[in-house]
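Got two chains here, separate frames each, mind docking them using the hints?
Which chain is which? The protein sequence lines are A and B, in order.
Residue numbers for the first sequence follow our numbering, so the first one is 1 and each next one is one higher.
Residue numbers for the second sequence follow our numbering, so the first one is 125 and each next one is one higher.
Derived from the structure by calculation, the hints contain no laboratory data.
Please read all numbers here as calculations on a predicted model, not as lab measurements.
Just so you know, even glycine gets a beta-carbon here, dropped at the ideal spot from N, CA and C.
Some hints could be false.
What the hints assert, rightly or not - Here are the simulated lysine to aspartate or glutamate pairs, EDC-like style, with alpha carbons at most 20 Å apart:
(1) B/Lys870 - B/Asp884
(2) B/Lys423 - B/Glu390
(3) A/Lys60 - A/Asp71
(4) B/Lys470 - B/Asp448
(5) A/Lys60 - B/Asp448
(6) A/Lys60 - A/Glu36
(7) B/Lys470 - B/Asp509
(8) A/Lys60 - B/Asp759
(9) A/Lys60 - B/Asp884
(10) A/Lys60 - B/Glu402
(11) B/Lys470 - B/Glu406
(12) B/Lys833 - B/Glu874
To be verified - Part of the chain A face toward chain B, derived, beta carbon under 8 Å:
(13) Leu14
(14) Asp23
(15) Leu33
(16) His72
(17) Ala92
(18) Asp108
(19) Phe110
(20) Glu113
(21) Ser117
(22) Leu118
(23) Arg122
Said to hold, decoys possible - With beta-carbon atoms standing in for the labels, derived distance ranges:
(24) A/Ala16 - B/Gly375: 17 to 25 Å
(25) A/Glu103 - B/Ala783: 38 to 46 Å
(26) A/Pro78 - B/Gly426: 22 to 30 Å
(27) B/Asp203 - A/Ala16: 52 to 60 Å
(28) B/Arg751 - A/Pro51: 22 to 30 Å
Spelled out from the first residue to the last, the chains are:
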Amino acid sequence: MSSGRASVLIVDDLPAFRRTLRDVVAVCERFELAGEAASGEEAISVVERQPVDLVLMDVKMPGIGGIAAADHLRRRHPDVVVVLLSVNPAHALPAGLLTCGAEFCHKDRFGPEMLESLWRDRCP
Amino acid sequence: MARPLPVAATGSPPRAPWTEPTGVRTFIRLNLAALVIAAAVLGAVRLWLVPSHWIDLLLLAFLAVGVCLARAHALVDADRPVAAVVLVAAANWAIAVAATAIAPSAFNVLPLILLLPSLLAVPYMNRVWLAALNAATIVVTGVVAALGRLSPGVGIEAMTPGWVLDALTVSFVPIGAGMASYLAWKDHSAMTAKARDLERSRRRLVAATDGERRRIARSLREGPERQLTEAFEQIQLLRTGRPANPTQLLGALTAQLQDANAELRELTHGIYPAQLTEHGIEQALRTAARLCSVPTTVKATGLTRYPPEVEATVYFCCLRALQDAEAREATSAVIDLTDDGQLVFKAPAPPPAALAADAQGNLYMDLADRVYAVGGILRLHVEADGGLRLHGRIPRTALHPERTGNANGWWEPGVTSLARLWFFFARQWDRAGRNDGAEPSVSTGIRALVAAAAGSLPLIAAVSVVVPDAWLLVLAASTAVVWLLLRRVLRAAHRLPDRTAVLAAATVFCGYVLVVTLLIPITASCAPTMMVIPVILAVPYLPHRRFLVTMAATIAAVTVAVVAGRLPGVGLQEQAPEWFADLAIIELAVLNSTLALFFAWENQVGMSALTRGLHESARRIVAATERERQRIERDLHDGAQQRIVAAAVETRVAQRLLAGQPEPAYETLRRLSEHVADARAELRDLAHGIYPSQLARRGLAEALDDAAKRAPTRATVSATDLSRHPPLIELSVYFCCLEALQNAAKHAGEAASVTITLTDLDGLTFDVRDTGLGCDPATLRGGHGLTNMQDRLTAVGGTLAVHTAPGAGVHVHGHVPMVDEDGRLPSAIGRG
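Just chain B, with the same shape it has in the complex (with noise of 0.2 Å):
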């Protein structure tokens, strides 16, 4: 059993809600409540009413689905939503087809029911999978028509009361209605809370790279790069103080040298082990695990090499872990690693009491967001024995991005035929719904509607053929009316709130339903798919309350249309032949059932474009400051550490000297001093470009200023009057335009010249303008240096824009909005 990190009695923790799949094990719950009041009933007119073996076949089949439904609870809890989800489809469809088999009239109330699966998968499910169910659902659904209209049953109804038919339909059919919208709701719900939580994570990523930037450079600054102040000055005064135990003094130096180099190697070590980008996860851990104090045990089992921000971010976790160790003084720790094809990791978890004491829920925060960004999930994990330990996990597509392509694209299975079968159904679907990126818009929706009721006339023409009737004029005036009323709310659509025009469409398309209904009554068994469709429809706009106005309200429409199909109508549908009445319903049942999963499907889409933006936005995130840390740690190692080495054998070189030829050591004590200069220079460069210190204390004017000075291309600042901003916005506008004054310095040619603007109007905005050569727009794309820009300013809810023609320089506008009352950062994500 596994719980979100930490614990969640103990606070706020970064909860991950949508990865919690407690809409699925309601449902099951609901599912299983539900078939027993079904079996009651059964049972009851069983005893009572209809003493027929069919139905002991029914119950017995009912108990086979509540088996079913009880593995399909197991398996959310052993946290596989998506094959329970599976289970219990199969589960229904399988339910639906016996009991409509035995008894026709059951179509009534199953289309609906046939569909809640399909919701309830949504946010669970990737576009393959849901693609795939919502066919394999549409089809079924076609079956049950089919078995409901065509079918003689086995005789059954024939012994039962009508009365009893009549009143399981009415009181069944709401229910479902009302759990189809209820599901809807919570797809989308589950779905937005998902994308804000992946935005806070960003941007709670962003800050904690910031504090790590920080945190590095003082450390450079105030560990290596002051020793070396130090052994500089000493190394001054041998040289012109010409002191009267030189050989003492270079003794000194030495010691002090190889400290700082100790202390340098250190930190070189804790940014990115060279190991790691050598040797991989496992020998790097092995590394750690030596020089830990605690006794450790490293389990690796069938690892191979991953992507560098994967390989840094298990890593860093299990170290950090095992630095926790470390501090409590535990006795022993182990670290598993596997690889299964998903990458699972444990190490040890903090005690209970830290876990409580921990009430913000920060402890392990920043890990379980970078675990995140890469794709995974770090959790606590209460073991087989009882103890609680970390636990990261890593799926396939996250640690083979380039071979299993995108999470949420095609992936190819094995070649089983039932799999091609399934996703020949999927591919179909998603070709059909493709909608790619584009947030479900209103006006999609109303426009289908607009279809189906424009759809209905060349039907009713059709009909008008077999049964003339004067009832259809009725019939297509009506179905006219709606059409225009739909057209003008389409028309309407952009200047009216979305809310508004969806629920004014939404109510025209179930006033509709309910004429149909009442003119030809065989129509009810669709009439509660088709006044679900717009509510599924509606979900995305609909503020909590309205859609809880809007749910009883078709709830009870459902109720009506229900009561208004037991009513004998106006005598259209006995004109009609059988067969053309068989036909009308299964094709009404499946094209309902299309255009409900379609709108589910739409918001899907929508929203995973959103998702999966934020996510791989996440994931360069990572990747961007894995890269860096890298580069740091080569610099470090190829640079400044070299130096100090070389430094300290020099000593050793003129302490020799000293003794015997007083004159070449002068030039060895020259070369000593040059070394250890050149290392200062390195380090104090190194931590500059890491986190400029004078941003913090004097301001992103002066500290561009200062950048501009260094700039190898001609650049200016101008700001006026512009206010201090929080320092994730300021370090994140310093280092696009730094990024901007890189690329033109690259890009621009020699004569070109820099401007940079900052101005402080709704926020903070800034522009970079080059007079150098420009560039298509077209070639833009690509590279780490825009797309770093973009990533770092949209995590702090700004916006970025490159303005550019060949020979026309490059403008780069951004802008970020000003931060609320409480100091929150804007959001992009809102329901409307």
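Bound-form chain A, shown alone (with noise of 0.2 Å):
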């Protein structure tokens, strides 16, 4: 944070999804872009390598997917806040997703405004 401003990096494996999640963090004063990875593996290796305070992931992408991925990040980097995305609601997906530690919020909720009110709440 060293603008003020939090780092977001954005995971999807979808990249017009993506476009999506960018202009959202555009739009919002408070964040900035860190970067963008397509699938869990790629995300672990940008936070290994560069500061960043919050993640938005897909939970359904080739490889390990979303929520192993989370988990990973939680355990290593346990003051990175992660918010798991999905298009199903949070019954339909699978039981990790609670334990993982990571924020759960549906893509069609998904906003400005949700984004600072996730953060507010994690980062008050």
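This is the structure in structure tokens:
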């Protein structure tokens, strides 16, 4: 949070939705884009390399997927806030979703307000 | 106690007559009755004629057999007909051996009776079991014949008046002949019924699949696609109209996109829940149970992963049961899933009132068809507490087809030495009778009879060395005449109707047996089996009335032969040495029983090849349907759904931007409109691919014309004055042409063009020809495309042929015959 703004890493295998998330980050003054990744593995390597405050991550991706990546990040970097996003409701997702320590948000509820409120809750 | 689904008394259920082992039950009762009569006769003989303790012993053995038969009856009720048949067979074998050892003249009655369990087993056993049972029957027949001829007995026959023994033989043998003919007939009827039922079930399966497609396509068009169209109009208004309250409009838009997504999500979940693919039946059902308004318990024991078509079938069966429980506001529901080798699932059944109202028997028929197609069975089951439950069972062979091989193929059992011996016999038998896929042919059977007659000639020549008698010349001459007559019938077989040929052969053969019995009365013990052989051969070709006449004639002929066996004969047998006569009779008994069982086996193999083909095709249809549903689910999830949620997020971004900097907001609105337009186009294409709406409205030619325009290859459709056909047929032909078109696009090469020709001639004919590279016909096998086409078309009674050669393009030719006056589709199964 060097410039007083939280740096956000966007993780999704679909480029179109990464573009949308970029738009959301761009209109929120308290956030700046740290980078983008297309898989859980890639996200982990980005977080290892550079400081990231918040990760917006899709649940269903090729490779280890969002939940395992979130679990890994929470263990190795407990101060990074991870928000898992999915087009499916929480009950239709694997049980690990609730125990991996990440926030969950349904994709179609997401937007600038949601991003700010999630951040406020975790880092008041 | 299980019964077919739904309750049999409430109308015509999707009944599977062959799965109800009524034949076994009737036979066991008849067997018990015969046993009681035999015991009564024996008791009378014991009381008034032969006071011997050996008869007491025999009566005790009868009692033991009676207990075994009662146990077998219980096994039938417990749904284990194969075990019941084996028990009946073992009990009959034991009593036959015991009776012959005590009284060797019992051999006169027994060879035919020993055949009965094997004939009884035909519709219930697979090839392995049947082959093993046949082999064992032949061995036991040999043992009984050897005892009958060689054993001196215990001397009770010497105490019995001759007329009693004669009366017993003359009365019991025709009964055995009647039962053997009847069982052979029932076997064939049961297997024909099974094949017909499978054919109908497969057709319903295809129709249900089409109904489902129509429903999915309509839901997509009327739900999310319509909402997206409205959303798109609003976005255009925002972009060009500069409305006064853009924030409010954007808020409404967000809500609408959320609604569209929720609707799409529900639809996607209904098409194929993603959880089923990822985590299997148990997890998917637990989620379904959580979402259900009825408190539901899911109990699962020993479940693993299964082929997708099995998982989807079990899942959708349980889901339907849950949805119905929800609709009738049940207070609670329990779903039980157990895998202990076979997968058993139990779900709530509809209340009796609903079943009673279902006069057509349509309730759950589609599910029963699906379960049946994957190799299982779905029934209503009366539980211990008296309540009804939906009860599905999928056997091991259907759960892990790759591990157990084909259900009808060879399966290596555990290696106990008894099992080894059993399966050794089975394998030998199967090797001798291998006739893969071919329907039983009348010529094969007549050829076997010709061979039997021809084989007798050298035998008679050999006998003439031992017994030089003029009567042997008469025997040789009549054998030669029979041989010539049978050969004539064989030559004429392709011209004559099957039933005429087979009845002519049967008459000649029975006449021959009668002549032999008159000349050599000791062969009378073998005559009944010989006379039943042609009936078993004839059964598949006879209509019911003619069969009854044939059966009556056979019983009469057998009676005459048995009476002839009591006559003195011409003195031939007295001249032969004792050992020679014994050997000849034992050999004849074994050969006869082999021949009789071989014909029953031939019928079974032919029919089971037919039903196996139908079964595999039905399973492939279910598998293809599930693959398609999975694909639709994936396409929706990765395509339209992602675009809609992206659009919803963009509306919120736009809302924030509009508050401050309007210029970037227009860029966001442009992207938003792109997302919505893309999502709508994807939905429209997907719905069209699932079910082309113009097919029903404007017919096959126009729908295919439209598909040809979209195809990447140049394609033309020609059809003149094409009339309309039933939707099932039109859709099948449409998908086959589409598949052929796609294949051409993939394999024919860029320069190729395709012509589709549709003709109305005795039904509907289509020809898809491409001018492409073609290929070696041998490489056509494999792959889902062609098999799918074949399955779909044969399910509606049609045929498909593919002609190709390297450089000559590919020509796909399909034909569906006309439906008859009652609107019934043609069937491939008939009785001569």
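Each hint tested on the structure:
Distance restraint check for B/Lys870 and B/Asp884: the Cα-Cα separation of roughly 29 Å exceeds the 20 Å cut-off, and the hinted pair is therefore not satisfied. For a cut-off of 20 Å, the pair hint linking B/Lys423 to B/Glu390 is broken: about 25 Å separates their Cα positions. Taking the CA atoms of A/Lys60 and A/Asp71, the gap is near 14 Å; set against the 20 Å cutoff, the hint holds. At roughly 14 Å between alpha-carbon atoms, B/Lys470 and B/Asp448 fall within 20 Å of each other, so this suggested pair holds.
Taken as a hint, the A/Lys60 and B/Asp448 pair is broken in the structure, with Cα atoms around 32 Å apart against an allowance of 20 Å. For the proposed pair A/Lys60 and A/Glu36, the alpha carbon gap of about 16 Å is at most 20 Å, so the pair holds. Using a Cα cut-off of 20 Å, the hinted pair B/Lys470 and B/Asp509 holds, with the two alpha carbons roughly 14 Å apart. For the proposed pair A/Lys60 and B/Asp759, the alpha carbon gap of about 14 Å is at most 20 Å, so the pair holds.
In summary, the hint linking A/Lys60 to B/Asp884 is not supported, as the alpha carbons are separated by about 50 Å, beyond the 20 Å threshold. Restraint check: the Cα-Cα separation between A/Lys60 and B/Glu402 comes to about 11 Å, which is no more than 20 Å; the hinted pair holds. A threshold of 20 Å between alpha carbons decides the hint, and for B/Lys470 with B/Glu406 the separation of about 13 Å falls inside it, so the pair holds. The suggested pairing of B/Lys833 with B/Glu874 holds, with an alpha-carbon distance near 16 Å, which does not exceed 20 Å.
A cut of 8 Å between beta carbons decides the hint on A/Leu14: the least distance to chain B is about 6 Å, and the hint holds. With a cut of 8 Å, the hint placing A/Asp23 at the interface with chain B holds, because the nearest CB-to-CB distance is about 5 Å. The interface hint given for A/Leu33 is violated, since its Cβ lies 14 Å from the closest Cβ of chain B, which is over the 8 Å cut-off. For the restraint placing A/His72 at the interface with chain B, the shortest Cβ-Cβ distance is roughly 20 Å, beyond the 8 Å limit, so the hint is violated.
About 6 Å separates the beta-carbon of A/Ala92 from the nearest beta-carbon of chain B, less than 8 Å, and the hint is met. Hint status for A/Asp108: holds, given a least beta-carbon distance of 4 Å to chain B, under 8 Å. For A/Phe110, the interface hint holds, since its Cβ comes within 8 Å of a Cβ in chain B; the closest pair sits about 5 Å apart. Interface restraint check for A/Glu113: the shortest CB-CB distance to chain B comes to about 7 Å, inside 8 Å, so the restraint holds.
Against a cut-off of 8 Å between C-beta atoms, the interface hint on A/Ser117 is violated, since the closest Cβ of chain B lies about 12 Å away. Interface restraint check for A/Leu118: the shortest CB-CB distance to chain B comes to about 14 Å, outside 8 Å, so the restraint is violated. With a cut of 8 Å, the hint placing A/Arg122 at the interface with chain B is violated, because the nearest CB-to-CB distance is about 20 Å. Taking the beta carbon of each, A/Ala16 and B/Gly375 are about 23 Å apart, inside 17 to 25 Å as hinted.
One distance hint, 38 to 46 Å for the beta-carbon pair A/Glu103 and B/Ala783, is violated here, with the actual separation near 26 Å. The hinted window of 22 to 30 Å between A/Pro78 and B/Gly426 is violated, with their beta carbons roughly 40 Å apart. Roughly 55 Å separates the CB atoms of B/Asp203 and A/Ala16, a value that falls within the hinted 52 to 60 Å. Between B/Arg751 and A/Pro51 the beta carbons are some 46 Å apart, a value that contradicts the proposed interval 22 to 30 Å.
Checked against the numbered hints above, the structure breaks hints 1, 2, 5, 9, 15, 16, 21, 22, 23, 25, 26, 28 and satisfies the rest.
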